[in-house]
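Peer 1: Sequence:
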Amino acid sequence: EIPLGVWEFRSKSKQNLYTLEGGCRGHMFALEVTEELDTWPEQENRSRKWLNVREAFRLCRYEWMCQAFEEFLKVMAEDGNLEKKVESPPTMQVADVVTEYEIISQNCHVNTLSGQHHSMH
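What the sequence shown shows, in our numbering, is residues 653 to 773, in sequence order.
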């Protein structure tokens with residue numbers, strides 16, 4: 653596991669902006685998926701979907717999510733030994749995807765990176 657950083661955000665279940673209750677701190681890590689199980693804890697509350705870089709940036713709802721994803725891309729770009737294949741759509745360079753999608757999310761600012769495209773879980 654590779655630490656990506658720590659982000660503070662508001663809990664969806666306690667969104668009162670005028671109280672300290674509901675403040676969360678998330679520690680994010682990049683993890684390599686080695687096995688995909690048919691069942692998992694919290695399956696009733698959470699779904700899973702494999703995404704390419706474009707889709708992942710498009711689905712980031714908050715600035716902290718964009719920042720965590722940017723850190724993930726930096727880690728992947730720095731590790732030249734990783735070679736992941738994506739079934740669909742075709743593999744693209746991260747720099748190409750980021751440049752093309754800098755305006756996708758109004759909440760995100762993306763730094764251009766170079767490296768290979770990787771799936772995120």
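In short, the hints are calculated from the structure, not lab data. Beta carbons are placed, not taken as given, at the ideal position from N, Cα and C, and that holds for glycine. Heads up, some of the hints might be wrong.
[To be verified] Restraint-style ranges between C-beta atoms, simulated for each label pair:
(1) E730 with S663: 26 to 36 Å
(2) R662 with D731: 30 to 40 Å
(3) Q695 with E730: 25 to 35 Å
Peer 1: Hints first: check each against the structure and report whether it holds.
Peer 2: Taking the hints in turn, this is what the structure says about them:
1. Separated by about 32 Å at the C-beta atoms, E730 and S663 satisfy the suggested range of 26 to 36 Å.
2. Checked against the hint of 30 to 40 Å, the C-beta distance between R662 and D731 comes to roughly 32 Å, which is consistent with it.
3. Restraint check, Q695 to E730: a C-beta distance of roughly 33 Å satisfies the suggested window 25 to 35 Å.
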